[in-house]
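S.K.: Given the coordinates of chain V, assemble chain U onto it according to the supplied hints.
Number of protein chains: 2
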Amino acid sequence: VSRAASRRAPGRVAIVGLGLMGGSLGRALVRAGVAVVGLDRPEVLARARRAGAIGVAARSLADALRQADLVVLAAPPRANLRLLRRLARFARPGLVVTDLTSVKAPLGREARRLGLADFVGGHPMTGAERGGFAASRADLYAGRPYLLVPGAASRRALARVRALARAAGARPVVALDAREHDRVVAFLSHVPQLVAWALADAAGKDVVARGALRLQGPAFASMTRLARSPEGLWREILELNAREVRRALRAFERELLRRSRAVAR
Amino acid sequence: VSRAASRRAPGRVAIVGLGLMGGSLGRALVRAGVAVVGLDRPEVLARARRAGAIGVAARSLADALRQADLVVLAAPPRANLRLLRRLARFARPGLVVTDLTSVKAPLGREARRLGLADFVGGHPMTGAERGGFAASRADLYAGRPYLLVPGAASRRALARVRALARAAGARPVVALDAREHDRVVAFLSHVPQLVAWALADAAGKDVVARGALRLQGPAFASMTRLARSPEGLWREILELNAREVRRALRAFERELLRRSRAVAR
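So the sequences go chain by chain: V and U. Heads up, the first sequence is in our numbering, so the first residue is 1 and it goes up one at a time. Heads up, the second sequence is in our numbering, so the first residue is 1001 and it goes up one at a time.
Please note that a few of the clues may not be correct.
Unchecked claim - One side of the interface only, derived from the structure: several residues of chain U facing chain V at Cβ under 10 Å: (1) Ala-1167; (2) Ala-1200; (3) Ala-1209; (4) Arg-1254.
It should be emphasised that the hints constitute simulated quantities derived from the structure, not laboratory data. These numbers come from a predicted model, not from an experiment. Heads up, the beta-carbon is just placed ideally off N, CA and C, and yes, glycines get one too.
This is chain V alone, in the form it adopts within the complex:
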């Protein structure tokens, strides 16, 4: 294999957590001919094996790391933080580590503290309302922006994670530092999530409106689609990005007040 080719290949990939995001990543990578080892609960691993979302089922985190050049943490945010700490204890030099968490500063900070030199934060801009391996699909990443936050990682590590994103069909974008990333997603993703819940809750609790929800137009449906997202996962995301979410919420409320002048509050 030439140096150029190795720079364009992700190598052997271990995916830890085979839910919607990890499971879909596995499906896309296996289709692209990448060697994928998976780790999750035994019943999920068995389903992922049968579905062709992984090639090999690992028995433990250590077992997964032994078989991989690149590890993808694909669990919920707090579990990813715990995995990072466990992984730091026996990761061999040169192992590249990335994640799929939608908040980037806390994981990046933890990786630096643990001395994981080749950690590259990742955030694919894709998803679905339902979580879990049952909801995963091979085209979830196709054509979507895949944000990379390299921090102090080596060019070699960044090239591997960029190759991972491309192999999954996504468009890697190296554009932001972790703080900027978390500020942007507070505006583009985290506040919209809170707003979708609040719209659905307000209409669902009003004694008159809730009897007429079947009359909703396509606008209400598309603005409350996110309200079906898993609440526990989102609570973690919002807590980890509390500072930036507060900033974006204040900006949103300022603009809402301005736009509401027509109704003379």
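M.R.: Below, chain U alone, put in the same frame as chain V:
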């Protein structure tokens, strides 16, 4: 024509205002074989004639009324109120009047005050971001709920407007009085409009987020799609429904605060 058939036909229809809503209604009705006379500015009338969205171009409101069994007011809300007053001066007995305005109480009140016995309020739950005849299309009403607020109108009048909705391909729903209607749409349509603007404005004004708008996922795109709606038209709608919009805004803000506890404000 049997009595049953006449009850199922809208008769000759005059559409006053050939924008997105009126123009699309005309296209659907002409396709369904209904006789349609249109009224708008001369250049819009000429385009609507050429596009087959109307059969006959009226020279004036009086001219349109002479040729119709059913008049559809399809102008913006305040213009519809003015048209209702003009129309009341020379409407012959038995003429059925309806409208497409998304706020129902003010027009219904005005029709009662003017002694228009056969006014049936209408609100098709459909639309698009762009307005004007250029954006009109024959399938805008297809399969959509079409709310009818009959007030004190006769069964004959209601049957005609119901037949109009069906001829346009929509699903007529007689379910609400005007006040209930306006309360429901405040939750399902008017507050979502304000929220879409506020989300787009907040992200567009933040010095970091606005540089990264191209990174938005499908959720942000679908939650801010409404922000491209015509502002002048929406200001009228919000002002005419101010009381109910305030109620729904308060409920939304209460739920947003509750959902934001995760970020410990």
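S.K.: Look at each hint and say if it fits the structure.
M.R.: Evaluated hints:
1. Ala-1167: Hint violated; Ala-1167 of chain U Cβ to chain V Cβ min 20 Å, cut 10 Å.
2. Ala-1200: 8 Å, holds
3. Ala-1209: 4 Å, holds
4. Arg-1254: 7 Å, holds
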